[in-house]
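Undergrad: What follows is each chain in one-letter form.
Protein chains: 2
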Amino acid sequence: MELNEFSLIDRYFKRQSHYRQPGTLLGIGDDAALLTPGVGETLLVSVDTLIAGRHFPHQTSAADIGYKALAVNLSDMAAMGATPRWITLSLALPHADPQFLQPFSDALLALAAEYQLDLIGGDTVQGALAMTIQIIGSVPAGQIPLYRSGGVVGDLLFISGSVGDAAAGLQAVIAEQQDELSSRLILRLNRPTARVALGQALLGVANAAIDISDGVVADLRQLLRATGCGADLWLDKLPISEDLQRLPLAAAEKLRLMATGGDDYELLFSVPEAHRAQVEAIGQTLHLPLTAVGRLTEGADLTCWQKGERVAPKWLCRGGFDHFAAAGALLS
Amino acid sequence: MELNEFSLIDRYFKRQSHYRQPGTLLGIGDDAALLTPGVGETLLVSVDTLIAGRHFPHQTSAADIGYKALAVNLSDMAAMGATPRWITLSLALPHADPQFLQPFSDALLALAAEYQLDLIGGDTVQGALAMTIQIIGSVPAGQIPLYRSGGVVGDLLFISGSVGDAAAGLQAVIAEQQDELSSRLILRLNRPTARVALGQALLGVANAAIDISDGVVADLRQLLRATGCGADLWLDKLPISEDLQRLPLAAAEKLRLMATGGDDYELLFSVPEAHRAQVEAIGQTLHLPLTAVGRLTEGADLTCWQKGERVAPKWLCRGGFDHFAAAGALLS
Chain A
1 MELNEFSLID
11 RYFKRQSHYR
21 QPGTLLGIGD
31 DAALLTPGVG
41 ETLLVSVDTL
51 IAGRHFPHQT
61 SAADIGYKAL
71 AVNLSDMAAM
81 GATPRWITLS
91 LALPHADPQF
101 LQPFSDALLA
111 LAAEYQLDLI
121 GGDTVQGALA
131 MTIQIIGSVP
141 AGQIPLYRSG
151 GVVGDLLFIS
161 GSVGDAAAGL
171 QAVIAEQQDE
181 LSSRLILRLN
191 RPTARVALGQ
201 ALLGVANAAI
211 DISDGVVADL
221 RQLLRATGCG
231 ADLWLDKLPI
241 SEDLQRLPLA
251 AAEKLRLMAT
261 GGDDYELLFS
271 VPEAHRAQVE
281 AIGQTLHLPL
291 TAVGRLTEGA
301 DLTCWQKGER
311 VAPKWLCRGG
321 FDHFAAAGAL
331 LS
Chain B
1 MELNEFSLID
11 RYFKRQSHYR
21 QPGTLLGIGD
31 DAALLTPGVG
41 ETLLVSVDTL
51 IAGRHFPHQT
61 SAADIGYKAL
71 AVNLSDMAAM
81 GATPRWITLS
91 LALPHADPQF
101 LQPFSDALLA
111 LAAEYQLDLI
121 GGDTVQGALA
131 MTIQIIGSVP
141 AGQIPLYRSG
151 GVVGDLLFIS
161 GSVGDAAAGL
171 QAVIAEQQDE
181 LSSRLILRLN
191 RPTARVALGQ
201 ALLGVANAAI
211 DISDGVVADL
221 RQLLRATGCG
231 ADLWLDKLPI
241 SEDLQRLPLA
251 AAEKLRLMAT
261 GGDDYELLFS
271 VPEAHRAQVE
281 AIGQTLHLPL
291 TAVGRLTEGA
301 DLTCWQKGER
311 VAPKWLCRGG
321 FDHFAAAGAL
331 LS
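One line per chain: the protein sequences are A and B, in this order.
Just so you know, my numbering puts 139 at position 139 of the first sequence, and the rest follows in order with no gaps.
Just so you know, my numbering puts 216 at position 216 of the second sequence, and the rest follows in order with no gaps.
In isolation and in its complexed conformation, chain A is listed as follows (with noise of 0.2 Å):
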């Protein structure tokens, strides 16, 4: 089967009974999408590049890409507490193939319409498979979103659900485990649940979010980085899902698993200590576990306790992962 660059839109991509925006003029199909926003509407922009061997395993099957593709970048717009609009993708592909496109497309389109997102435009072209999302969000008119440098010293650290899970299904994947438990923690490697209606709901409550994609130390890092505080972070209270307990494996390299492991896509928040009641409520309405795991601090180390005690694991300097810092490719 051929398929030409313009037939390819149109059948995969353009074929949607899909949602559209308030505010979208003109879609696909023009040299460019045309969107009017509401009156003293904030705009979110934000973009994401997802590479096949290095953000996904090669072996991932094409509806998990096109689901996971997306929802990193739902993630953003979660940890500004925006609420995602429009998607523009570009798609490079070795070659037009409908077995990989159908699922791909599919999924990613099934996603966005749990968001009411509007594909609004993008790019097809011919190369190793890998595909940049660009999205646009909104807040609405006198709100103001969450920065990465709102925090304050004394805030609490929360984090939603729990981490660690996406590591060790990449662990599973690369040692080819099937059983249940393999299977369940794959499924929150390839299918993370991006915390829109949290971030949402943070909204006036947080003081400042990041999401964590390269994992809860990393990511922190750059909340810090971002604020100019300092961060007592409590190991012990890093949430812990029922299969990661079940895992066998030892303590140690569990909580390394949630520490530095990335992809888990859950949001990491700084709130006064007066809102704490507020986000205990928030956790309640959304059935999400909101748990404090730390507290900012004058100055600017980031500092892990356990059990009361100071500790430096091993792991601690390294951080989380780096495109390029790391030596090779993650996966291969």
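Hints were generated in silico from the structure; no laboratory data involved.
Quick caveat: nothing in here was measured; it's all calculated off a predicted structure.
Treat each hint with caution, since some may be false.
Covered by chain B, according to a simulated footprint, are these stretches of chain A (three or more residues, beta-carbon under 8 Å) [claimed, not checked]:
(1) 34-47
(2) 71-84
(3) 121-127
(4) 145-155
Anything over 10 Å on all C-beta distances counts as not near chain A; from chain B, calculated [as the list claims (entries may be wrong)]:
(5) Tyr115
(6) Ala251
(7) Arg276
(8) Ala292
(9) Cys304
Partner residues aside, some chain A positions facing chain B, computed with beta carbon under 8 Å [claimed, not checked]:
(10) Leu25
(11) Asp30
(12) Asp31
(13) Ile51
(14) Arg54
(15) Thr88
(16) Ser90
(17) Ala92
(18) Ala130
(19) Thr132
(20) Gln134
(21) Ile210
(22) Asp211
Heads up, the beta-carbon is just placed ideally off N, CA and C, and yes, glycines get one too.
Assemble the complex: chain A is given as a structure, and chain B must be docked to it using the hints.
TA: Below, chain B alone, put in the same frame as chain A:
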């Protein structure tokens, strides 16, 4: 020299004493950038990906790559009559090489400054050399952008500047020609001029416009598909540069380059006969040749004419370049 992802962004892309668009609340450095568009302003969003060996020859200099990556996106704004305002950059690099990054970012940011563009975000990943730029522009409240679909039967078709030089430049690159004439043609391939001022001047004058990225015939077909019109194309009126004229090639081959060669990034636009004088005035103001090359017709056919005779050159059915229909890589 080792660079991690964060110092890479800081050093090469955030260093700017760069222009800050009115309406930019937050640029690079958080999970998303923040914009506040003006009241009633229409935003235009477009995205283009360039892959080494496909959209530019591997031997292209880093500076030329940086320039062209932005220029092709500016051209999408030009084709809509929009004022380009914000960009994001996603850059995939095999390794964080300062000898690439310095000239690449210098050229890209210099061109951005020329258009008072604000680089508000991006992503850097390890991978084969490729880049995706998303551009956001605007037209003032009450102005209607140049849609592809706005053409009307009877409209004159115009082309700006000249066509075919970039395709001749590509042939010169492949043949490793380094004479002065070849160098000028290669410059048109590597440093296309987006017709931004022309696009803006055509608001309210032209009915439809598209930029010529894939070749006159291929892009005219796109315009026809959008308008639902056919067209007469006067091949002997296609504007040729002095350089292409001087090239020792058969006339038929020059014509093929002009009609099907991509990468010129001139504008092809349709104008009511009554606006012909306005188009001439715009050309004089901008010191840019604007040449009538055909007319929109009833039906859906593209008919080529040469010296008053209907002709059907062999290349007519093939049209221009298509990433996926092409048998293999254009460049190697």
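Undergrad: Taking the hints in turn, state whether each one holds.
TA: Hint-by-hint comparison with the structure:
1. 34-47: Since 13 is at least three, the answer is holds.
2. 71-84: Three-residue rule met by the stretch 71-84 of chain A, so holds; n is 5.
3. 121-127: holds (count 7)
4. 145-155: Since 4 is at least three, the answer is holds.
5. Tyr115: Since the minimum Cβ distance to chain A is about 15 Å, Tyr115 (chain B) lies beyond 10 Å and the statement holds.
6. Ala251: holds (30 Å)
7. Arg276: holds (24 Å)
8. Ala292: At roughly 22 Å from the nearest Cβ of chain A, Ala292 (chain B) sits farther out than 10 Å, so the non-interface label holds.
9. Cys304: holds (21 Å)
10. Leu25: holds (7 Å)
11. Asp30: Nearest chain B Cβ about 5 Å off; hint holds.
12. Asp31: holds (4 Å)
13. Ile51: This interface hint holds because 4 Å falls under the 8 Å limit.
14. Arg54: Holds, because the Cβ-Cβ distance from Arg54 (chain A) to chain B comes to roughly 6 Å (cut-off 8 Å).
15. Thr88: holds (4 Å)
16. Ser90: Cβ of Ser90 (chain A) sits 4 Å from chain B, so the hint holds.
17. Ala92: Result: holds, 6 Å to nearest chain B Cβ.
18. Ala130: holds (6 Å)
19. Thr132: Holds. Min distance 4 Å.
20. Gln134: holds (4 Å)
21. Ile210: Cβ of Ile210 (chain A) sits 6 Å from chain B, so the hint holds.
22. Asp211: holds (6 Å)
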